[in-house]
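Put chain B with the ligands on the given structure of chain A with help from the hints.
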Amino acid sequence: MAETVLELDDLTIRFKLKRGELTAVNGVSFKVKRGETFGLVGESGSGKTVTARSIMRLVPTPPGEIVRGKVLFEGDSVYDKSDQEMREMRGKKVAMVFQEPMSALNPVFTVGDQIGDALRTNLGMTKQEANERVVELLQLVGIPSPASRLDSYVHEFSGGMRQRVMLAMALSCDPTFLIADEPTTALDVTIQAVILDLITQMIDRFGMSLIFITHNLGVVAHACDTIGVMYASHIVELGDKRELFKNPQHPYTQGLLNSIPRLDQQSKYLTPIKGLVCNMMSPPTGCKFHPRCDHAMDVCRKEIPQLKEVAPGHFAACHLHN
Amino acid sequence: MTENILEVQGLTKHFMLDNDTVSRIAGKTRTLKAVDGIDFFIKRGETLGLVGESGCGKSTTARLITRLVEPSAGNVMLEGENILDFNRSQMQDVRKKVQLVFQDPYSSLNPRKTIMQILSRPLEVHNLATTWSEKRHRVLELLGLVGLAEEHADRYPHEFSGGQRQRIAIARALAVSPELIIGDEPVSALDVSIQAQILNLFRDLQEKFSLTYLFIAHDLSVIRHISDRVAVMYVGKIVEAGGVEDIFERPQHPYTKALLEAVPEADPDKPPPHLVLKGEVATPIDPPPGCRLCARCPLADDYCAEVSPELRDTGDGRYVACHKV
Ligand SMILES: Nc1ncnc2c1ncn2[C@@H]1O[C@H](COP(=O)(O)OP(=O)(O)OP(=O)(O)O)[C@@H](O)[C@H]1O
Ligand SMILES: Nc1ncnc2c1ncn2[C@@H]1O[C@H](COP(=O)(O)OP(=O)(O)O)[C@@H](O)[C@H]1O
Ligand code: SF4
Ligand code: SF4
Ligand SMILES: [Mg+2]
Ligand SMILES: [Mg+2]
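Read top to bottom, the protein sequences are chains A and B.
Mapping of the first sequence onto our numbering: position 35 corresponds to residue 35, and the numbering continues sequentially without gaps.
Mapping of the second sequence onto our numbering: position 39 corresponds to residue 39, and the numbering continues sequentially without gaps.
FYI, nobody ran anything at the bench for these hints, they're computed from the structure.
Just to be clear, a hint being listed does not mean it is correct.
[What the hints assert, rightly or not] Here are the simulated DSBU-like cross-link-like pairs (lysine-lysine), alpha carbons at most 30 Å apart as the crow flies:
1. B:Lys278 <-> B:Lys208
2. B:Lys113 <-> B:Lys135
3. B:Lys208 <-> A:Lys268
4. A:Lys246 <-> B:Lys270
5. A:Lys18 <-> B:Lys113
6. A:Lys31 <-> A:Lys302
7. B:Lys28 <-> B:Lys43
8. A:Lys268 <-> B:Lys278
9. B:Lys135 <-> A:Lys268
10. B:Lys96 <-> A:Lys268
11. A:Lys33 <-> B:Lys270
12. A:Lys268 <-> B:Lys43
13. A:Lys93 <-> A:Lys33
14. A:Lys268 <-> A:Lys93
15. A:Lys241 <-> B:Lys257
16. B:Lys278 <-> A:Lys274
17. B:Lys43 <-> A:Lys241
18. B:Lys43 <-> A:Lys246
19. A:Lys274 <-> B:Lys270
20. A:Lys31 <-> B:Lys270
21. B:Lys113 <-> A:Lys274
22. B:Lys97 <-> A:Lys268
23. B:Lys43 <-> B:Lys208
24. A:Lys33 <-> A:Lys241
25. A:Lys302 <-> A:Lys70
So here's chain A without its partners, still in its complex pose:
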């Protein structure tokens, strides 16, 4: 069995806002092994991005605060690293592709300078070496005639090409761990297919581990090995992709899978989850899913269910499994 590269243990992150407090990530624990693709799915606002950013120590504090828990990368606590060690980790080992490519790319630098800059500071390359490497990287991510693109600005690129530039930048320092936050959500399906294929190739080629965040269950069904389902700041179900899709154990996961319209058949009505998305400023007590759950019992309104192993390697946080 491959070694564990990343481990989140009971990670809990709170935001102190003017309007009140909000726990965005609540007792989240999971492990990612070398070469593994871990998919994080869940509704908007469920805490996926905050979880991902916390690994890189990119959650703004304040207003954020790590209340409990730890993040271990290659066995070392990320939150105990010095600034120097943190720069090393960000520059050379872990890279992140963000939800919004434009917010992560600088509009006033050319594509060549933007990617090359990181190469010169992190790997000490000369301008000439960096340029050659940038051309190589742009080629790798499928940008046509890359050499002629060095002097382009990102706004001259389409959404799909910007996402490729982001990916090239993320790959520039040969990371062993990639965190991709909705890298294809803003893209059209035909371009999404290209980017997904590209990411899969990179993983196979370089033995990278990947955390893939998305709310598209179709994407995780094909791009991931293991899946964590988040609902209102908690991981409610965790397990092997096939197991999770074929044998979902948490009522929220079951509801989610039933809600998706299907491509291969038409039905008159869908089976939605009743009720509203959880308000994170005033979440319900006990299991946060209870107001929407058809199986809710008294205990569900009182106690937060903990993740329990329901089958080998398959975990669910639900009182039905007690």
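Okay, now just chain B with the ligands, sitting in the frame of chain A:
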């Protein structure tokens, strides 16, 4: 029932880009062909799904049909009459028959108005209710229809979630008892669990009020679910149209085929998404002559690069625009 409630003929919208940097540097006006001569019809009581990638002209089509944007050419025949010839008061009638629901439930509702005020407005504009109690009565009825409660009437839009706001937008469209509702990506911004609720609501209302829908989406599984017939758009053109089963089970146009293969299905045992098309989506700005798919199409030849294929009737209610079909 074969009557066409709406028929669109040669509908075209070209935006002249004369003021942007590129055009100024080039010293000439460029033309963005957002919608470039499209034909389709919608039968009374059915749902036509319009699907295509971002920027292909779906929203512009919706705006042209409602004359929120004036077409450059073409006809929009509503119940046999060309609404482009209509005057102001005739258009008022059109607005009672045709209603739009937008994608963004956040920006389409006035934040300073209560739900009561928002839903009363169309009743006032079209003289459908005069007294306060008439309006109140109708608003509460509308809220009930879309699954909201009386207590919601006096709240403001920001107090509602995305799915609830979309319900309010649907209630507003229903206020004038329209015949045709155009939904411009009305479920695209919603989480899957909520999206399913709203799709069911669309179905219920269609049944209850014999509504006709033009339903725009970029998600193919949503289109499959809601549509009776489907039109597929690519860079300002309709490339294929036909019954939902035909389009999904027996696609004919290379673009429709590629689109269907590229969708990752939420089932790990289904084949993974597969890419047939290379390169980026073509630009609608001064597009070269010939087929818009030419640079990406595996079947393209010299003729495709020169001559743009027309949308042809291939029988059995199917229409395809490709030289190789
Ligand atoms: N900097 C911040 N300050 C205050 N609250 C924040 C901040 N960042 C995130 N939050 C809150 O934390 C919660 C989780 O947010 P997060 O961005 O992780 O959601 P997500 O699962 O990534 O959603 P989406 O699918 O919309 O991207 C939300 O309620 C959000 O409003
Ligand atoms: N007012 C406008 N001026 C210039 N270009 C426009 C305008 N409105 C839309 N467009 C362009 O027309 C094309 C089609 O847009 P749109 O109909 O919004 O696409 P879709 O709804 O399919 O995503 C796009 O290239 C868009 O940028
Ligand atoms: S703990 Fe209770 S409310 Fe929560 S998902 Fe399980 S059965 Fe439903
Ligand atoms: S006309 Fe030619 S380029 Fe266009 S879709 Fe058909 S085969 Fe492809
Ligand atoms: Mg996010
Ligand atoms: Mg649009």
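Inset, instruction - State the violated hints by number, sorted upward, taking the hints as numbered earlier in the document. - result: Numbers 1, 7, 8, 9, 14, 16, 17 and 18, in rising order.
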